[in-house]
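**Q** Listed here are the chains, written in short residue letters.
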Amino acid sequence: MDTLTEIFPILLKGLRITILVLIGSAFFSYIIAFISGLGRLSKNIFIRKFVGFYIEVFRGTSLIVQLFWLYYALPILFNFDIGSDIWAGIIAISLNYGAYMSEIVRGSILAVSKGQTEAGIALNMTGFQRMRLIILPQATRMMLPEFGNYLIQMLKATSLVSLIGLSDMLYYGNLYRSTHLAESSNVYLLILIAYFILALPLIWLVRKMEGFSKKGVASE
Amino acid sequence: MTDGWSWETFSDAFPFVVKGIGITLGLTVTCYIFALLFGFVWLFLRRIPVKPFSWLFTWIMEFIRSTPPLVQLFFIYYGWPTVPYVGATISPFACAVIALGLHFSTYISEVYRSGINHVDKGQWEAAKALNFPTRLKWIKIILPQALPPMIPMLGNYLIILFKEVPLAATIGVVGIMRLAQDYGDQYWNYLEPLTIVALLFLALSYISSLLTSWLERRMNFKFDKKKAIA
Numbered sequence: 001m002d003t004l005t006e007i008f009p010i011l012l013k014g015l016r017i018t019i020l021v022l023i024g025s026a027f028f029s030y031i032i033a034f035i036s037g038l039g040r041l042s043k044n045i046f047i048r049k050f051v052g053f054y055i056e057v058f059r060g061t062s063l064i065v066q067l068f069w070l071y072y073a074l075p076i077l078f079n080f081d082i083g084s085d086i087w088a089g090i091i092a093i094s095l096n097y098g099a100y101m102s103e104i105v106r107g108s109i110l111a112v113s114k115g116q117t118e119a120g121i122a123l124n125m126t127g128f129q130r131m132r133l134i135i136l137p138q139a140t141r142m143m144l145p146e147f148g149n150y151l152i153q154m155l156k157a158t159s160l161v162s163l164i165g166l167s168d169m170l171y172y173g174n175l176y177r178s179t180h181l182a183e184s185s186n187v188y189l190l191i192l193i194a195y196f197i198l199a200l201p202l203i204w205l206v207r208k209m210e211g212f213s214k215k216g217v218a219s220e
Numbered sequence: 001m002t003d004g005w006s007w008e009t010f011s012d013a014f015p016f017v018v019k020g021i022g023i024t025l026g027l028t029v030t031c032y033i034f035a036l037l038f039g040f041v042w043l044f045l046r047r048i049p050v051k052p053f054s055w056l057f058t059w060i061m062e063f064i065r066s067t068p069p070l071v072q073l074f075f076i077y078y079g080w081p082t083v084p085y086v087g088a089t090i091s092p093f094a095c096a097v098i099a100l101g102l103h104f105s106t107y108i109s110e111v112y113r114s115g116i117n118h119v120d121k122g123q124w125e126a127a128k129a130l131n132f133p134t135r136l137k138w139i140k141i142i143l144p145q146a147l148p149p150m151i152p153m154l155g156n157y158l159i160i161l162f163k164e165v166p167l168a169a170t171i172g173v174v175g176i177m178r179l180a181q182d183y184g185d186q187y188w189n190y191l192e193p194l195t196i197v198a199l200l201f202l203a204l205s206y207i208s209s210l211l212t213s214w215l216e217r218r219m220n221f222k223f224d225k226k227k228a229i230a
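Sequences listed follow chains A and B, in order. Counting from 1, one number per residue, gives the positions in the first sequence under UniProt numbering. Counting from 1, one number per residue, gives the positions in the second sequence under UniProt numbering.
So here's chain B without its partners, still in its complex pose:
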């Protein structure tokens, strides 16, 4: 173990750690798509008109969102194979997608819900008065008004998800975080590889925050930042 900062180690560790960036970004995007789709499922489950069902799903969602994603990750990776009758071994990558995707789908479902609630009540009534069929009502009236306010919030959740993805290193997904730990274990020097990870995260989240603010300006929609931080 060396004391202090060494640029030699930095340049040595950089290519080693950067190798994992594809996996980290791929995992982020896959989790995000899973969360977007599953967010819809929650939305439908909670709209079931039978009281006990909507009550049950509301509490399941509350359970998922208020327990640590790390434990959920361990539950699916280590615990799921030992569940009687249904258990099966899943690859670390798929585990991370299911655990993190499920965790974030509960947040994203709330975004969908607030977007739909944002549509004025008169619009629903007008659709009813004009006798619009359900499919047309959603496509022509509700969604065009509900989607624009959702977009900045959905973008924010993508950034937040990206920052949660290093958790997957704990179950062995070989992203940048895992490689940095491996490098540290190998040479007993954690300073430079971990700093590289921090710098990569900083750079990528800076780029994405520029993109989000650009998108916000394009959509011309003032958006309340404090509401969308997980």
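So that you can see chain A by itself, here it is in the shape it has in the complex:
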């Protein structure tokens, strides 16, 4: 019990970075997912090929490789610093998950019934209006449960930033362990529980979204 009261405040110090990285990478990865998901459906072959290349590269290599590459290699290659470590973490996670989620955006847009597009054309709407007013509102609903699942994945991925020296929960846990070797199991069990507590509202959110996304989408 002593350990618990001793470790917990130390882990709390890292909570700020964990949540900051989670929010930052969630924000940017959703933006990237929408841009590249729509780019994949573009009529322009160059945009399509370019986005396809980006998705292949970031889905084909693993996050830890990308994180290390971004942190160690990029500054050497282009002779510049990303600014701070936290940006390296956020950029790596959002590029990686943006690539995965772009497939969801693409799939959901294609899943909206064709009749909806035709109705839009019949009402003499422009392509942009159709996308903004008819297709996207329905497609976004379909994306929500999967977006929630990826949010949980991103929460798990934030633990990797401790490897490039960011002071998140796992970093402080490792720090504590290095001076209290006998309590290693308690430290890591507590970190696991802390992550699970963070994930609980997200799990609940996914269940809510599943019900929400079933309603109000036109299907064949």
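Quick caveat, the hints were computed from the structure, so don't treat them as lab data. From the three backbone atoms N, C-alpha and C, an ideal C-beta is built for every residue, glycine too. Among the hints, a few may not be true.
[Unchecked claim] Here are the simulated DSS-like pairs of lysine-lysine, each with C-alpha atoms no more than 30 Å apart in a straight line:
#1 A:K208 with A:K114
#2 A:K215 with B:K121
#3 B:K140 with B:K121
#4 A:K214 with B:K121
#5 B:K121 with A:K208
#6 A:K49 with A:K114
#7 A:K43 with A:K114
#8 B:K51 with A:K208
#9 B:K51 with B:K121
[Unchecked claim] Restraint ranges, calculated between C-beta atoms of paired labels, are given here:
#10 A:K114 with B:I21: 42 to 48 Å
#11 A:F27 with B:L37: 37 to 43 Å
#12 B:L147 with A:I193: 33 to 39 Å
#13 A:K215 with B:L147: 32 to 38 Å
#14 B:P148 with A:A182: 49 to 55 Å
#15 A:K13 with B:I48: 39 to 45 Å
#16 B:T58 with A:T5: 26 to 32 Å
#17 A:V57 with B:A129: 50 to 56 Å
#18 B:N131 with A:G211: 37 to 43 Å
#19 A:A182 with B:G122: 57 to 63 Å
#20 A:H180 with B:S209: 40 to 46 Å
#21 B:K140 with A:T117: 42 to 48 Å
Please build the complex by placing chain B on the supplied structure of chain A, with the hints as guidance.
**A** Structure of chain B alone, referenced to chain A:
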């Protein structure tokens, strides 16, 4: 430390890093077999008809799948030896197999479950009506129908697992990732060795995605990609 790209370092680092590819692939396959077997165990544990048990195992699975595999790796490598009475030191390779295998077994168990749920209810009832014994019911009726839709998803999880394996470098498994870091530490030059790792991953996952799509065509089964990405 050198600035910019150098092909000399690249060709120097390449044989050094590639040495680890056997370990990386071996670890992937071992973890995968462990996950396949343990996925079955979860399936049985969750099918226990006693409510509190199935409830408990459902939450244990939820716990394992929603906490970071990196922390689980550290827990088993650093933490397990200090657990009172049962703790024992385990080699890094075995640790990686247990931690990553256990993490992925929860995903794979879901694949099994959805495959079994995919079998039409009438098939179960027909087996019951014909008074099939349990063993025959599974072998002759349920599994032949449940397995084909699972295969593409199981293939996808193999690729995803392969991309998680570099995590094992953090506890000292000498795969390509570890060797790239070692090379970087030694010559203070991370650019080329890390790029080699990225290229190797890209090449191998490209080959495996070709294999998966070939398998999908062979099985003639349309498969929903977005559902199977971890």
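**Q** Now, for every hint given, state plainly whether the structure supports it.
**A** Now for the hints, and whether the structure bears them out:
no., hint, result
1, A:K208 with A:K114, "holds, 27 Å"
2, A:K215 with B:K121, "holds, 26 Å"
3, B:K140 with B:K121, "holds, 15 Å"
4, A:K214 with B:K121, "holds, 23 Å"
5, B:K121 with A:K208, "holds, 27 Å"
6, A:K49 with A:K114, "holds, 25 Å"
7, A:K43 with A:K114, "holds, 17 Å"
8, B:K51 with A:K208, "holds, 24 Å"
9, B:K51 with B:K121, "holds, 22 Å"
10, A:K114 with B:I21: 42 to 48 Å, "holds, 47 Å"
11, A:F27 with B:L37: 37 to 43 Å, "holds, 40 Å"
12, B:L147 with A:I193: 33 to 39 Å, "holds, 37 Å"
13, A:K215 with B:L147: 32 to 38 Å, "holds, 34 Å"
14, B:P148 with A:A182: 49 to 55 Å, "holds, 51 Å"
15, A:K13 with B:I48: 39 to 45 Å, "holds, 41 Å"
16, B:T58 with A:T5: 26 to 32 Å, "holds, 31 Å"
17, A:V57 with B:A129: 50 to 56 Å, "holds, 54 Å"
18, B:N131 with A:G211: 37 to 43 Å, "holds, 40 Å"
19, A:A182 with B:G122: 57 to 63 Å, "holds, 59 Å"
20, A:H180 with B:S209: 40 to 46 Å, "holds, 45 Å"
21, B:K140 with A:T117: 42 to 48 Å, "holds, 47 Å"
Taken one by one, the earlier hints all hold for this structure without exception.
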